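K.L.:
So the protein sequences, as listed, match chains L and Z.
Using my numbering, the letters of the first sequence map in sequence onto residues 1 to 313.
Using my numbering, the letters of the second sequence map in sequence onto residues 314 to 694.
What the hints contain is simulated information worked out from the structure, not anything from laboratory work.
These numbers were taken from a predicted model, which means no experiment stands behind them.
Take these hints with a grain of salt, some might be off.
Chain L regions said to be covered by chain Z (calculated; three or more residues, Cβ under 8 Å) [unchecked claim]: (1) 20 to 31; (2) 67 to 77; (3) 92 to 99; (4) 196 to 204.
Where a beta carbon is used, it is the ideal one built from N, C-alpha and C, also for glycine.
Chain residues, written in single-letter form:
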Amino acid sequence: MAAPVLQVTDLVRRFGDHTAVDRVSFQIQPGETYGLLGPNGAGKTTTISMIAGLLTPDSGEVELLGEPLTSGRKSLIGLVPQDIALYPDLSALENLQFFGKLQNLHGEHLKQRIAHVLDVVGLTDRAKDRIDTYSGGMKRRANIAVGLLHEPQLLILDEPTVGVDPQSRNSILEAVDVLGGSGMAVLYTTHYMEEAERLCDRVGIIDSGRLIAEGTRDELMQRLGENSTVTFRVNGGAEQTHAWRVELAGMPGVSGVQGEDGQVAVVAANGPSLIAPAVQAAQSHGLDVVGVEVAEPDLEAVFLHLTGKALRD
Amino acid sequence: MWRHVWLIAANGLRRSLRDRSILIQAIVAPILIAVVVGAAFGSGFSLNVTVGIKDADGSDISEQIAQGLTGAGGDGIAFSSVDADADAALDSGAYDAVIVLPAGLSDAVLSGEPAQLDVVGEAKDPLAQSVAESVAAGIAANLQTARVTAVAATSAGVDAGPAIQRAVTATPPLTVEQGEVTGTFSVMAYFAPGVAMLFLFFIIGNGARSIIEERREGTLPRILAAPVSPASVLLGKTVGVLIVGIVSMTLVWLITWLGFGAYWGDPIGVFLVIVAAVVAIAGISLLITGLARTENQADALTTIIALLFAVAGGTFFYGASGVLSDLRLFTPNGQALAAFVNLAAAQADVVEVLPQILLLTGIGVGCAAVGLVALRNKVLT
Ligand SMILES: Nc1ncnc2c1ncn2[C@@H]1O[C@H](COP(=O)(O)OP(=O)(O)OP(=O)(O)O)[C@@H](O)[C@H]1O
Ligand SMILES: [Mg+2]
Numbered sequence: 001m002a003a004p005v006l007q008v009t010d011l012v013r014r015f016g017d018h019t020a021v022d023r024v025s026f027q028i029q030p031g032e033t034y035g036l037l038g039p040n041g042a043g044k045t046t047t048i049s050m051i052a053g054l055l056t057p058d059s060g061e062v063e064l065l066g067e068p069l070t071s072g073r074k075s076l077i078g079l080v081p082q083d084i085a086l087y088p089d090l091s092a093l094e095n096l097q098f099f100g101k102l103q104n105l106h107g108e109h110l111k112q113r114i115a116h117v118l119d120v121v122g123l124t125d126r127a128k129d130r131i132d133t134y135s136g137g138m139k140r141r142a143n144i145a146v147g148l149l150h151e152p153q154l155l156i157l158d159e160p161t162v163g164v165d166p167q168s169r170n171s172i173l174e175a176v177d178v179l180g181g182s183g184m185a186v187l188y189t190t191h192y193m194e195e196a197e198r199l200c201d202r203v204g205i206i207d208s209g210r211l212i213a214e215g216t217r218d219e220l221m222q223r224l225g226e227n228s229t230v231t232f233r234v235n236g237g238a239e240q241t242h243a244w245r246v247e248l249a250g251m252p253g254v255s256g257v258q259g260e261d262g263q264v265a266v267v268a269a270n271g272p273s274l275i276a277p278a279v280q281a282a283q284s285h286g287l288d289v290v291g292v293e294v295a296e297p298d299l300e301a302v303f304l305h306l307t308g309k310a311l312r313d
Numbered sequence: 314m315w316r317h318v319w320l321i322a323a324n325g326l327r328r329s330l331r332d333r334s335i336l337i338q339a340i341v342a343p344i345l346i347a348v349v350v351g352a353a354f355g356s357g358f359s360l361n362v363t364v365g366i367k368d369a370d371g372s373d374i375s376e377q378i379a380q381g382l383t384g385a386g387g388d389g390i391a392f393s394s395v396d397a398d399a400d401a402a403l404d405s406g407a408y409d410a411v412i413v414l415p416a417g418l419s420d421a422v423l424s425g426e427p428a429q430l431d432v433v434g435e436a437k438d439p440l441a442q443s444v445a446e447s448v449a450a451g452i453a454a455n456l457q458t459a460r461v462t463a464v465a466a467t468s469a470g471v472d473a474g475p476a477i478q479r480a481v482t483a484t485p486p487l488t489v490e491q492g493e494v495t496g497t498f499s500v501m502a503y504f505a506p507g508v509a510m511l512f513l514f515f516i517i518g519n520g521a522r523s524i525i526e527e528r529r530e531g532t533l534p535r536i537l538a539a540p541v542s543p544a545s546v547l548l549g550k551t552v553g554v555l556i557v558g559i560v561s562m563t564l565v566w567l568i569t570w571l572g573f574g575a576y577w578g579d580p581i582g583v584f585l586v587i588v589a590a591v592v593a594i595a596g597i598s599l600l601i602t603g604l605a606r607t608e609n610q611a612d613a614l615t616t617i618i619a620l621l622f623a624v625a626g627g628t629f630f631y632g633a634s635g636v637l638s639d640l641r642l643f644t645p646n647g648q649a650l651a652a653f654v655n656l657a658a659a660q661a662d663v664v665e666v667l668p669q670i671l672l673l674t675g676i677g678v679g680c681a682a683v684g685l686v687a688l689r690n691k692v693l694t
């Protein structure tokens with residue numbers, strides 16, 4: 001079998017005495033789209049920075065196509081950073097020209113590549129406008145275009161849809177879908193489980209610097225086992241709700257509780273049989289249960305099950 | 314590597330060109346200020362320098378030199394002999410500079426030793442100083458001729474007396490050029506480079522800080538995610554600020570010269586002093602950026618140091634005296650201004666301002682080396 005596009009082995013990075021990335025290992029095969037799913041501060045960006053050679057690991061190894069990443073091999077990676085990394089006072093075209101030339105593209109080839117990536121992200125019409133005249137979504141798309149310019153073997157997208165309008169978000173997801181389908185290996189980080197479910201062939205769940213589970217969507221669902229998510233809608237004060245949540249978390253079979261403000265989701269081994277005692281407990285705390293729903297299992301539930309907390313606060 | 318250096322430098326230049334405030338600071342402001350100040354002084358700005366001659370040798374030869382000089386004064390330049398101690402004479406305020414003909418001068422000349430003249434009163438007034446220095450240089454050159462003549466004559470068995478006599482009483486070169494000195498030295502040629510250097514600190518400081526800014530904005534990591542070495546980034550940034558500095562100050566020079574008739578002196582000398590001043594300012598800016606804890610701190614430090622150097626360097630006080638003028642030569646601005654004055658007022662050539670050119674370049678390279686190492690450790694790891 002050919003070497004994986006990316007092989008990460010036991011990557012560790014500390015900041016002071018805080019371990020941001022803790023023995024993370026995974027690999028990405030050619031043509032595969034791999035999702036790194038985790039909440040804020042999980043260590044996604046830190047992991048990516050080490051893969052791209054921007055941050056030195058304290059220990060562990062990164063191999064691209066079977067060899068370590070040297071300065072000269074950096075073109076194998078196309079990095080799309082989490083925050084817009086473009087010159088706001090230059091146009092998209094000028095940004096693309098600059099970063100393209102740094103990737104040693106030039107002449108007619110560079111021109112063609114620029115035209116192509118502008119088309120992929122749908123910015124051909126606005127190419128000559130300065131970045132600081134763009135909307136948030138357009139900036140994100142231009143940000144992605146730079147990462148695609150030099151036809152990398154591995155495209156790394158770090159939360160590319162954060163803070164964009166639904167329309168731009170959709171067009172970004174579509175573009176990534178197309179790129180993944182075209183045979184490019186993609187590493188996609190997100191804290192939106194819908195995105196991970198929709199785009200990724202395999203997903204790694206990362207929390208507090210550790211990769212706590214990995215697999216295809218179905219494989220991860222099996223981690224839930226018989227567990228299911230029950231969502232309660234309640235009326236009552238925040239204090240009472242909190243007290244009730246604490247009690248729920250202590251009930252037998254419960255692996256995670258999430259939510260505030262009238263909506264509380266519980267992952268439990270014996271979901272439906274939890275309903276009666278849960279409602280009783282709610283009443284004893286002076287809460288009114290106005291709705292109960294047993295949900296289809298999803299990655300959100302997997303995360304809740306594995307970590308006992310929500311992907312997003 | 315060099316392709317990347319150039320790409321990064323060119324990108325910085327392109328962004329500078331797009332920034333109106335840089336054009337205004339780099340070119341418009343210095344010219345405007347120089348023109349306004351020039352107009353305030355009026356076209357009648359005149360040279361008024363009194364150079365004392367202290368004869369500490371008391372020989373025939375020194376007496377002849379002193380006499381020759383005191384008779385040679387003219388428009389705006391007066392020579393008169395000093396009886397008291399040179400320092401006391403300066404302190405009395407009657408002289409702007411004193412040329413000392415040291416004891417043993419004639420013996421030295423007659424025995425073929427190199428003759429050394431001292432100029433006291435350096436830095437009291439850069440213009441007086443450069444006038445006095447060029448007169449002293451002229452005398453030294455005459456004495457050199459005398460010395461060579463004496464050696465040649467003696468070895469040929471001929472009486473050297475008349476030849477020495479001729480050389481010693483030859484007119485010092487400055488008296489010939491006096492007319493030119495007053496006619497061409499323009500106050501604008503003093504204020505334009507001074508103000509331009511002040512603003513260069515801000516512009517070049519901005520350029521140096523852009524390394525930190527780019528890291529914050531994420532464009533630096535993106536550059537480093539391409540096959541570009543950290544050294545190329547640092548060099549590219551450095552080359553970029555050097556070009557911005559040299560081009561803008563050269564434009565100030567050419568516009569005040571060709572547009573407003575302010576003659577800065579020997580073009581080659583002027584250009585090299587410009588380059589050296591820009592190198593010094595760039596080095597200092599890189600040092601500040603490298604050592605400052607934050608971008609804001611670097612910004613504040615740049616402002617303080619720029620103003621401090623400008624004031625101490627004599628940018629605003631032409632011909633200041635006292636403590637300020639003593640500080641002058643401890644600043645890069647003061648050194649550069651001394652060179653510019655020397656070029657403009659005393660018609661010096663490149664060789665005469667070479668010490669300042671070398672000093673400024675040395676300061677720049679030294680500071681840049683420390684600053685770039687600090688920046689590499691701070692920003693690129
Ligand atoms: N340069 C740094 N210095 C100190 N701590 C850092 C640094 N970079 C990251 N961290 C810490 O490391 C942890 C992981 O951060 P990281 O940015 O990798 O998380 P993330 O998964 O990308 O989060 P987000 O979804 O918010 O982008 C966090 O606790 C963060 O505070
Ligand atoms: Mg992140």
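K.L.:
Which of the stated hints cannot be reconciled with the structure, identified by number in ascending sequence?
P.N.:
1 and 4
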